[in-house]
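Model the full structure from these sequences, guided by the hints.
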Amino acid sequence: MQTHFTDLQLQDPKLAEANKILRSCVHCGFCTATCPTYQVLGDELDSPRGRIYLIKEMLETGRPADARTVKHLDRCLSCLACTTTCPSGVDYMHLIDQARVYIEKTYKRPLSDRALRWLLAKVIPNPTRFRLALFAAKLGRPFARLIPDARLRAMLAMAPKTIPPVSRNDDPQSFAPSAPQRMRVALMTGCAQKALNTDINDATIRLLRRLGCEVVIPRGMGCCGALTHHMGREAESHASARANIAAFIAETRGAGLDAIVINTSGCGTTVKDYGHMIGTPDAAEVSALTLDISELLQRLTLPEGAPKGLIVAYHAACSLQHGQQIKTAPKDLLKRVGFTVVEPADSHLCCGSAGTYNLLQPEISAQLRTRKVQTLEAKRPDIIAAGNIGCMMQIGAATAIPIVHTVELLDWATGGPKPRALG
Numbered sequence: 001m002q003t004h005f006t007d008l009q010l011q012d013p014k015l016a017e018a019n020k021i022l023r024s025c026v027h028c029g030f031c032t033a034t035c036p037t038y039q040v041l042g043d044e045l046d047s048p049r050g051r052i053y054l055i056k057e058m059l060e061t062g063r064p065a066d067a068r069t070v071k072h073l074d075r076c077l078s079c080l081a082c083t084t085t086c087p088s089g090v091d092y093m094h095l096i097d098q099a100r101v102y103i104e105k106t107y108k109r110p111l112s113d114r115a116l117r118w119l120l121a122k123v124i125p126n127p128t129r130f131r132l133a134l135f136a137a138k139l140g141r142p143f144a145r146l147i148p149d150a151r152l153r154a155m156l157a158m159a160p161k162t163i164p165p166v167s168r169n170d171d172p173q174s175f176a177p178s179a180p181q182r183m184r185v186a187l188m189t190g191c192a193q194k195a196l197n198t199d200i201n202d203a204t205i206r207l208l209r210r211l212g213c214e215v216v217i218p219r220g221m222g223c224c225g226a227l228t229h230h231m232g233r234e235a236e237s238h239a240s241a242r243a244n245i246a247a248f249i250a251e252t253r254g255a256g257l258d259a260i261v262i263n264t265s266g267c268g269t270t271v272k273d274y275g276h277m278i279g280t281p282d283a284a285e286v287s288a289l290t291l292d293i294s295e296l297l298q299r300l301t302l303p304e305g306a307p308k309g310l311i312v313a314y315h316a317a318c319s320l321q322h323g324q325q326i327k328t329a330p331k332d333l334l335k336r337v338g339f340t341v342v343e344p345a346d347s348h349l350c351c352g353s354a355g356t357y358n359l360l361q362p363e364i365s366a367q368l369r370t371r372k373v374q375t376l377e378a379k380r381p382d383i384i385a386a387g388n389i390g391c392m393m394q395i396g397a398a399t400a401i402p403i404v405h406t407v408e409l410l411d412w413a414t415g416g417p418k419p420r421a422l423g
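First residue of the sequence shown? That's 1 in the working numbering, and the numbers climb one at a time after it.
The reader is advised that the hints may include incorrect statements.
[Unchecked claim] Here are the computed distance ranges between Cβ atoms for each label pair:
hint	residue 1	residue 2	range
1	Gln11	Gln367	41 to 47 angstroms
2	Ile311	Gln11	54 to 60 angstroms
3	Arg420	Ala284	34 to 40 angstroms
4	Ala157	Gly309	30 to 36 angstroms
5	Ala400	Ala16	49 to 55 angstroms
6	Glu44	Gln367	41 to 47 angstroms
[Claimed, not checked] Derived pair list, reagent style DSSO-like, types lysine-lysine, alpha-carbon separation capped at 30 angstroms:
hint	residue 1	residue 2
7	Lys308	Lys327
8	Lys122	Lys20
9	Lys108	Lys327
10	Lys105	Lys14
11	Lys308	Lys331
12	Lys327	Lys20
13	Lys105	Lys138
Everything labelled a hint here was simulated from the structure, so no lab data went into it. Beta carbons: idealized from backbone N, C-alpha and C, even for Gly.
In structure tokens:
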């Protein structure tokens, strides 16, 4: 793609990066075949190629973002299926991230949008506030039909039927291995996940201890920053990232860490990008140490298990298969311990969760969820497994098939308790 940034503009490192990304696009259109929003809406401007044109024009002219540009960029899920598909290696992730920061700096959203985004940014990354909000949503759910804003109705619908009690396993501490020690790892406990489903971290800790890991919950660790990062709220997301970097570096400089393990793939994609986001040696070190739980378990080598007689439909979270390019590890692990694994058609397409997307774009999100659930149910599985809490909540709200985290099944198959969702 030809660009026309001035020499003065290219002195800005961000614009220089955007220029490099834009020039790598060759207009081939391969991305349109795998873009979920283009599949649903059929609008060129709701495809990666169309959004790239909008970003190019906005950044080149240096004009404030307009409502048309914001509408189409807001509709992007950041699923990164286009990145997997692109033959030219266009770094769409960092381009859309930069565009969102630019929008937040130059565009004044309607008051209702500003209020909703502020609320999400202040509540979801804080487990205590989020837990209180979930209780409030349960109380307000009977009155959902009276609320005209579809986004607020989606927020009420998001609350699970039961909200688990706080797990003390998420407090800063260290868990000794229950087998000869092989590694010392830090577990990122997440923010929304701690309020929505405490079983995932509990299962992770049990499984890693059984495999010879000392598991550390670092003091000072908090939200990874993904939620505010994808809203373009750069100051907030970078503050979260720096706090986590400091917490992890304190452990590496202390007793040392062999890995930072993450069981929420949306968080993992962001933490693996800290080196780019923050640009310091410590940030790069944290990113290099970070592994998804499935990556770490492959290194530790799970014991083989006898056939379980259960069919597991594996849902590949976008942040795992596209963001981190981890495609086979979770399936291989499930097969190794004895589950029969099947995949739905169009497994590359997003379920519509995408962080806060299901709250900010509920209509499009609902269409994507319907498609995803239909393809999963077509496989007639006993269980659905996924590696991201957002996907689990999104899919679980539209199917009677139990959905659990991959690590819960692996824990169960190697001596842990049966997942409560299967009870």
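Do the hints match the structure? See the list:
no.: 1; hint: Gln11 x Gln367: 41 to 47 angstroms; verdict: holds (43 angstroms)
no.: 2; hint: Ile311 x Gln11: 54 to 60 angstroms; verdict: holds (57 angstroms)
no.: 3; hint: Arg420 x Ala284: 34 to 40 angstroms; verdict: holds (39 angstroms)
no.: 4; hint: Ala157 x Gly309: 30 to 36 angstroms; verdict: holds (34 angstroms)
no.: 5; hint: Ala400 x Ala16: 49 to 55 angstroms; verdict: holds (52 angstroms)
no.: 6; hint: Glu44 x Gln367: 41 to 47 angstroms; verdict: violated (18 angstroms)
no.: 7; hint: Lys308 x Lys327; verdict: holds (23 angstroms)
no.: 8; hint: Lys122 x Lys20; verdict: violated (34 angstroms)
no.: 9; hint: Lys108 x Lys327; verdict: violated (39 angstroms)
no.: 10; hint: Lys105 x Lys14; verdict: holds (14 angstroms)
no.: 11; hint: Lys308 x Lys331; verdict: holds (15 angstroms)
no.: 12; hint: Lys327 x Lys20; verdict: holds (28 angstroms)
no.: 13; hint: Lys105 x Lys138; verdict: violated (35 angstroms)
In this structure, the earlier hints numbered 6, 8, 9, 13 are contradicted, and the remaining ones agree with it.
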